[in-house]
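Colleague: Single-letter residue listing:
Number of protein chains: 2
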Amino acid sequence: MSELIVIKIGGGEGIKPDAALGEIAGLVRAGVRVVLVHGGSHETNILSEKLGRPPTFITSPSGHTSRRTDRETLKIFEMAYCGKVNKGIVETLRRAGVDAVGLSGIDAGLWTGKRKSAIRSVDADGRTVVIRDDLSGRVERVDDRFLRLLLDDGRTPVLTPPAMSDEGVAMNVDADRAAAATAAALGADELLLLSNVPGVLRDPEDRSSLIETVSSLDEVRRAAKGRMKNKVLGAEEALSGGVGRVVIGSASGASPVADARSGCGTVFEGAIA
Amino acid sequence: MSELIVIKIGGGEGIKPDAALGEIAGLVRAGVRVVLVHGGSHETNILSEKLGRPPTFITSPSGHTSRRTDRETLKIFEMAYCGKVNKGIVETLRRAGVDAVGLSGIDAGLWTGKRKSAIRSVDADGRTVVIRDDLSGRVERVDDRFLRLLLDDGRTPVLTPPAMSDEGVAMNVDADRAAAATAAALGADELLLLSNVPGVLRDPEDRSSLIETVSSLDEVRRAAKGRMKNKVLGAEEALSGGVGRVVIGSASGASPVADARSGCGTVFEGAIA
Chain A
1 MSELIVIKIG GGEGIKPDAA LGEIAGLVRA GVRVVLVHGG SHETNILSEK LGRPPTFITS
61 PSGHTSRRTD RETLKIFEMA YCGKVNKGIV ETLRRAGVDA VGLSGIDAGL WTGKRKSAIR
121 SVDADGRTVV IRDDLSGRVE RVDDRFLRLL LDDGRTPVLT PPAMSDEGVA MNVDADRAAA
181 ATAAALGADE LLLLSNVPGV LRDPEDRSSL IETVSSLDEV RRAAKGRMKN KVLGAEEALS
241 GGVGRVVIGS ASGASPVADA RSGCGTVFEG AIA
Chain B
1 MSELIVIKIG GGEGIKPDAA LGEIAGLVRA GVRVVLVHGG SHETNILSEK LGRPPTFITS
61 PSGHTSRRTD RETLKIFEMA YCGKVNKGIV ETLRRAGVDA VGLSGIDAGL WTGKRKSAIR
121 SVDADGRTVV IRDDLSGRVE RVDDRFLRLL LDDGRTPVLT PPAMSDEGVA MNVDADRAAA
181 ATAAALGADE LLLLSNVPGV LRDPEDRSSL IETVSSLDEV RRAAKGRMKN KVLGAEEALS
241 GGVGRVVIGS ASGASPVADA RSGCGTVFEG AIA
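Residue numbers (the working numbering), protein chains in the order written: chain A, 1 to 273; chain B, 1 to 273.
Check before you lean on any hint, since a few could be wrong.
Identical chains share a label here; the pair holds if one copy fits it or two copies do between them.
[To be verified] No farther apart than 25 Å at their CA atoms in a straight line, the calculated lysine to any residue pairs in the SDA-like style are these:
(1) K16 with G26
(2) K16 with A124
(3) K75 with L51
(4) K116 with G244
(5) K114 with C264
(6) K75 with E49
(7) K114 with G97
(8) K16 with R71
(9) K114 with I46
(10) K16 with S62
(11) K16 with G242
Everything labelled a hint here was simulated from the structure, so no lab data went into it.
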């Protein structure tokens, strides 16, 4: 069976996916099977502002941040992620000769899981409040059979949140962990999580403090702050799910995919304690 | 082989697809294969207004109207059609037990064709101007093999514009004619074009002037005004492409799909001169 790679390209500010998309076209031409997962947070922020509903974020007591997603926000989220970003990427990939198929996690029941019925959020004054109507959750199951149907037919899936809750409601999910769940379900050889940081930094302010090879999960867990926490969790989930190698790396530069594959970034490989 | 129906639900003002979606769930449960095509023009108008880019329309010398689609409009179009409307329909269908897969015409190269390199537009003063940078065109080819792959796997495709031009650029296409091309490519038993009018009217102001059974194409061609012209063209293209029966009917009421199937609307069937 040919090599299978799951590549996640973040949707944060300043990330331009074009170089990575060109590389993905090259990989597909060379016979590598690729599943691309992307975010869209910056486009969602812009659209939310333009529509007069500035984004708000939830910070959990343990320091995870996530978008506050009520029903109206979810519609804006779908417009940005599934409309603007997904179709833009599909158009670019197809023009580069890739038989791309853009899907959200709700299509074909690709990504399903539990919605969070109560989210603890720490407000600006340090008080903890409980939010019960947030449309967010976590991917627990991946319809890998459908993805294999597409891959076996020579197609390249381009996947994006939302996912579907067990009650049949679209929900916001973390795209890094969704990519990790996808890589695990497919038994991918490699998972690349590319964004606007070079990897896990010992000091988030110092890009030279990159952890290059993960020898201790405790160390990366301690180092990871904010959104990086989800990437590290995703990396752990992918590894324990059977993925051979995970790299958290940068989406920037002329060859971000090749760079990550050659080990630029934070590399998780093999048995890590 | 089980029955195959292509159903197009318009995206015009006042159209609520929920009743039709409930019926489609019933048909799929009963073993009928359904391909759903939908529009999104009203949502695109609303989003365009909110984003400070009010929609503009082109009227051809022969009276066809179409959305003026520059690059920025196409992104708004994709957010409304592929984001908000498509994912909303997929969510509703999945909750009703349908294994829906939402796709645009650019995904998997489903809908391809020629972009119009020059569009003649009649302006308010009756002058004809030529527009060369519009991103619009017509579906000439349908990847019916991919649609069959989905249908054979028990999935229900939910399709929406844009389509892909031969040069690899996303373009606005008429969803009625795209549905007709899809029905023809699949050799569908039936094509239903449901919108906010009861069918082809002899007098557009008089809803009782409905042409019920088409015995002469000349008569419906003469009667069809504005957007109805595309529905009639689509009906003709579907029939000449081998579709057994086409009904142009209303998307309103408690059972619009059953109503159209039972002949409420304008029915095109068999050999028509």
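Colleague: Compare the structure with each hint and give your call.
Modeller: Verification of the supplied hints:
1. With identical chains, the CA atoms of K16 and G26 are at most 25 Å apart within one copy only, with a shortest distance of 18 Å there and 44 Å across copies.
2. Proximity of K16 to A124 under the C-alpha cut-off of 25 Å is found in neither arrangement, the shortest distances being 32 Å within a copy and 41 Å between copies.
3. In this assembly of identical chains, the alpha carbons of K75 and L51 lie at most 25 Å apart whether taken from the same copy (12 Å) or from different copies (15 Å).
4. Taking the closest pair of Cα atoms, K116 and G244 never come within 25 Å of each other, the shortest separation being 30 Å inside a single copy and 48 Å across copies.
5. Taking the shortest Cα distances, K114 and C264 never come within 25 Å of each other, neither inside one copy (34 Å) nor across copies (43 Å).
6. When the C-alpha separation of K75 and E49 is checked against a cutoff of 25 Å, the pair qualifies both within a copy, at 14 Å, and between copies, at 17 Å.
7. In this assembly of identical chains, the alpha carbons of K114 and G97 lie at most 25 Å apart only when taken from different copies (18 Å versus 37 Å within one copy).
8. Taking the closest pair of Cα atoms, K16 and R71 come within 25 Å of each other only across two copies (18 Å); inside a single copy the shortest separation is 29 Å, beyond that limit.
9. Within a single copy, K114 and I46 get their C-alpha atoms no closer than 28 Å, and across copies no closer than 33 Å, so neither meets the 25 Å cut-off.
10. In this assembly of identical chains, the alpha carbons of K16 and S62 never lie at most 25 Å apart, being 30 Å within a copy and 43 Å across copies at closest.
11. In this homomeric assembly, K16 and G242 never come within 25 Å of each other (Cα to Cα): the closest approach is 30 Å inside a single copy and 46 Å across copies.
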